[in-house]
Structures are given as structure tokens and as C-alpha cells.
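Student: Listed below are the residues making up each chain.
Protein chains: 2
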Amino acid sequence: MERIPILRMGEFLLVTIQVDMHDQLALALQEDLAERIRKTQARGVLIDISSLEIVDSFIGRMISTIAGLSKIMDAQTVLVGMQPAVAITLVELGLSLPGVATALDAERGMALLRRRSTTA
Amino acid sequence: MERIPILRMGEFLLVTIQVDMHDQLALALQEDLAERIRKTQARGVLIDISSLEIVDSFIGRMISTIAGLSKIMDAQTVLVGMQPAVAITLVELGLSLPGVATALDAERGMALLRRRSTTA
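Listed in order, the protein sequences are those of chains A and B. Quick note on numbering: the working numbering labels position 65 of the first sequence as 167, and the sequence is numbered without any gaps. Quick note on numbering: the working numbering labels position 111 of the second sequence as 213, and the sequence is numbered without any gaps.
Simulated from the structure, these hints should not be mistaken for laboratory data. Hints are not guaranteed to be accurate.
One copy or any two copies: either way a pair holds, since identical chains are not told apart in the list.
No more than 20 Å apart at the CA atoms, straight line, and that leaves these computed lysine to any residue pairs for SDA-like [to be verified]:
1. K141 to A130
2. K141 to I174
3. K141 to E209
4. K141 to D207
5. K173 to R145
With the hints as constraints, model all of the structure from the sequences given.
Tutor: Listed below in C-alpha cells is the structure:
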């Protein structure tokens, strides 16, 4: 079965979403991520959506779920690489992504996670 | 047009290949990567193929081309996350991927790039 890869980068995990998400794939990602957070004791999760041109409410909900899941496992979530058009759509849809920090790109997101995990 | 995202991680670039590659996409990736290496002065490129269950000669050639391209731009290439079945196929196809270093996962690949770029 197709799966979204989760890469370990030091104490953080990186998920790059490039493909169209559907129910099964989103569920698999959530399960894999929870398992990886536990196994690696990751302090943060970076979700890169720079290749997504469209983010609908399904993806929005999935991101919120991942953020909630990470939070109860003591990891922070940062969403990076959002295209301007996606940001506009999210605002228009009223998807404010509560509990999800954002950063312009992966590098800034990583820096944000580092600052937060040292002050936590 | 669909594009493979290239993420900057400090002085390295990370490319996660998840989708089926075709000519146009491979060409676009090579162009984007060359442009990003120049712009960011990256010292290394990590190519993650952990979600690929099949690597054919087309992908093999693309990876070799990327490695060659990176090399003349003074960046090293490390291929990470290869599944065992893919490794077997590559050997059977006689694709030895000259000039491409490999590492088990992204973290080890990053460590390899760090060691190499400090001793270079």
C-alpha cells in the first residue's frame, strides 16, 4: 500500500505531502506518525505542503488531527511551505488550523521547533 | 505543473520522491535542483526514495544525472531510504549508481554529508 514517508531529522520528524490525500492514506499517515513519535521520542513534526496547490477541508482536518495527535504525544507541529493561494483558501474556508504553528519554509520551521523545544 | 518539492535543511537540500516519475517531472526536478544549489550554495543533496517500491532504469538514470549535476556544482549526493527489494532490483539491473553514496535513512545520510563536507 502507498504510504507517505516520514523522515527523521535529529529530534524532529519531517512529512512531505505531495500526493492527493484520501481517507486510507490519511489514516495510515496518522498511525505511522504516532508510531514514529513514540519510537523516536520526537519533539516536533514538520509538515511540508509546498507542492500542494490546493488544500481543502479534508486536508485541513487531517493536519489539525495530526497536530492534536502530536500534542498529546508531547510533540509540536509546524506546517511549512504553504503557497500564497493555499493560505487565501484556508482563510476563506475559515480553516484556522488551531494548534498548528506555521513557518515559511522547512528551515524556518525547524528553527521554530528548536526554539520551542529548548524553552519548553 | 506538478513539481517535486526541494526542502532546504541547513546547507543541504532534501528531495523526497513519492510520485511516479515521468520525463517532464524528472527534467523539472533537475532544473529546479540546479537552480536551488546555485541559489542556496548547498553542499549536499539528500534524495529520499523510502516510499518507492519500484526503481526502474529510468529512475536509476535520473538519480545518476542528479548526482552528476550536483557534483559539477560542488555538492554531494546521498541516496537514502532504499527498500531492500529496490536494492535487489538495482543490483539485478546492473545499475550501480556511480557517484551516488547511499545511507539507510535520512538522518544517517545527513550525518554522512556533514562528515564529507567538513573534510572536503
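Student: Starting from the hint list further up, note which numbers the structure goes against and sort them upward.
Tutor: Failing hints: none at all.
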